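These are the residues of each chain, in order.
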Amino acid sequence: GQNIDQPTEMTATEGAIVQINCTYQTSGFNGLFWYQQHAGEAPTFLSYNVLDGLEEKGRFSSFLSRSKGYSYLLLKELQMKDSASYLCAVRSFYNQGGKLIFGQGTELSVKP
Amino acid sequence: DAGITQSPRHKVTETGTPVTLRCHQTENHRYMYWYRQDPGHGLRLIHYSYGVKDTDKGEVSDGYSVSRSKTEDFLLTLESATSSQTSVYFCAISESGGDSANTGELFFGEGSRLTVL
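Protein chains in written order, with the numbering used here: chain Y, 14 to 125; chain W, 59 to 175.
To be clear, the hints were calculated from the coordinates, so they are not data collected in a lab. Quick caveat, the model's predicted, so the values are computed rather than measured. A virtual CB, placed ideally from N, CA and C, is assigned to each residue, including glycine. Keep in mind that the hints are not guaranteed to be accurate.
One-sided and incomplete, this derived list gives chain Y residues near chain W with beta-carbon spacing under 8 Å [to be verified]: (1) Phe42; (2) Phe76; (3) Ser80; (4) Gly110; (5) Gly111; (6) Leu113.
Per label pair, the in silico range of CB-to-CB distance [stated by the list, open to error]: (7) Y:Phe58 - W:Arg171: 17 to 25 Å; (8) Y:Thr36 - W:Arg171: 42 to 50 Å; (9) W:Thr78 - Y:Asn34: 23 to 31 Å.
Using the sequences and the accompanying hints, generate a full structural model.
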């Protein structure tokens, strides 16, 4: 089976940097995704990692270590609008149809 | 934004009644998914489809059925709704499912909030 763990809640200050961790267990790893979800809205795609290393996209970066089953999402220069839930999801070669298995999400609160 | 619409967006129904949620896409994507989202559980896959008339179960499929007679439509049916099926239901689509150079990320609809009394 697959198991994904991420912290339930985090709080950070506007302008700061925050790192949201995700650990996973899966066989046939075929990609890790990060999504952002504001309250009452649909999840939106943030980043994708399939090889080890860092992927940077503006203020957001995502890191993957396949040997450790570990990823993190790094948010820089935090803004109030970054207050949202951040979802880590994993895909396996053994999951027909490319389906993603999601963690419970990390609720990030950005304070002034 | 990916062209995905869900209907109805909100529905209140009574225990024991049938309910059908519709997902319609204009992207001609092959893969379609139904997830439910509940506090403390995150997004959980109910059923998915990898082509017209090709569907399979997800991790929480009991009490649900699906149908896909056209590429653009994926229907989720609760034959006899129960209070435990009160949830927010999200439809998602994917172009490749990760079986090509495309990353295969999922694009989500706006969600359908279902309350079963």
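Indices of hints not satisfied (ascending): 1, 2, 3, 8, 9
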